[in-house]
Amino acid sequence: DGGITQSPKYLFRKEGQNVTLSCEQNLNHDAMYWYRQDPGQGLRLIYYSQIVNDFQKGDIAEGYSVSREKKESFPLTVTSAQKNPTAFYLCASSLGVADTQYFGPGTRLTVL
Amino acid sequence: KNQVEQSPQSLIILEGKNCTLQCNYTVSPFSNLRWYKQDTGRGPVSLTIMTFSENTKSNGRYTATLDADTKQSSLHITASQLSDSASYICVVFDSGNTPLVFGKGTRLSVIA
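Going down the list, the sequences are from chains Y and E. All letters in the first sequence, in the order written, are residues 1 to 112 by the numbering used here. All letters in the second sequence, in the order written, are residues 113 to 224 by the numbering used here.
These aren't lab readings, by the way, just hints derived from the structure by calculation. Treat the hints with care, since some could be wrong.
Here are the computed lysine-lysine pairs in the BS3-like style, where the Cα-Cα straight-line distance is at most 25 Å [to be verified]:
#1 E:216 / E:129
#2 E:216 / Y:83
#3 Y:14 / Y:71
#4 E:216 / Y:9
#5 E:216 / Y:57
#6 Y:9 / Y:70
#7 Y:71 / Y:57
#8 Y:9 / Y:71
#9 E:183 / E:169
Rough simulated footprint, nothing fancy, chain Y against chain E, three-plus residues with beta-carbon under 8 Å [what the hints assert, rightly or not]:
#10 164-175
#11 178-187
Just a few of them, taken from the derived set where beta-carbon distance is under 8 Å, the chain Y residues facing chain E [claimed, not checked]:
#12 39
#13 41
#14 42
#15 43
#16 95
#17 98
#18 105
#19 106
Each residue gets a CB set at the ideal place from its N, CA and C atoms; glycine is no exception.
Could you build the full structure based on these sequences and the hints that come with them?
Structure representation (structure tokens):
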């Protein structure tokens with residue numbers, strides 16, 4: 001069953017704690033992305049990776065970190081430095097940056 | 113600055129009626145434009161992708177148009193159904209080696 005998965009669907013954390021969101025794809029895509037979506041807002045790019053062991057900052061990278069040790073996986077860590085971490089986080093992948101992106105189901109993070 | 117502006121911000125229509133969503137962009141150089149549908153709490157799903165040379169492309173009851181000269185695109189939905197209720201997002205790729213530019217979306221509500 002091919003696709004892109006994110007886990008968990010809902011996540012609650014206390015303020016000041018780091019939290020890691022999972023993103024896995026078995027589509028053999030080179031490029032992967034993390035977006036943040038706030039109510040009534042468009043998607044904003046946090047980080048993206050065009051190839052294994054390489055990643056680039058997006059528009060709102062402060063307070064976030066990523067790794068790309070495997071082609072299939074692109075985890076996102078929300079650190080305590082992120083001022084407003086409560087949001088809906090979407091992961092996506094594509095063959096290359098010019099190709100159609102396929103999105104995961106999202107993780108809704110709530111920081112209490 | 114590359115921007116994608118969508119209108120209207122929200123729209124309510126009766127089931128069975130048609131509607132048209134607008135997208136204006138300033139992204140340059142232009143490579144392609146995509147329309148995505150995002151159900152509440154889910155990841156976006158690609159509806160159509162249009163390149164510079166394409167004026168019209170259909171996907172079932174969805175028809176997208178592109179005028180690369182005026183930098184405008186529209187998404188026309190025919191004979192709307194309740195399941196069409198979602199946010200519709202216009203996304204533009206600038207042919208550089210960078211990720212996409214997202215619009216904020218139009219929130220469509222189809223009511224019985």
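Here is what the structure says about each hint:
no. : hint          : result
1   : E:216 / E:129 : holds (24 Å)
2   : E:216 / Y:83  : holds (22 Å)
3   : Y:14 / Y:71   : violated (31 Å)
4   : E:216 / Y:9   : holds (23 Å)
5   : E:216 / Y:57  : holds (21 Å)
6   : Y:9 / Y:70    : holds (22 Å)
7   : Y:71 / Y:57   : holds (18 Å)
8   : Y:9 / Y:71    : holds (22 Å)
9   : E:183 / E:169 : holds (16 Å)
10  : 164-175       : violated (count 0)
11  : 178-187       : violated (count 0)
12  : 39            : violated (11 Å)
13  : 41            : holds (6 Å)
14  : 42            : holds (4 Å)
15  : 43            : holds (5 Å)
16  : 95            : violated (13 Å)
17  : 98            : holds (6 Å)
18  : 105           : holds (5 Å)
19  : 106           : holds (5 Å)
Against the hints set out earlier in the document, violations occur for numbers 3, 10, 11, 12 and 16.
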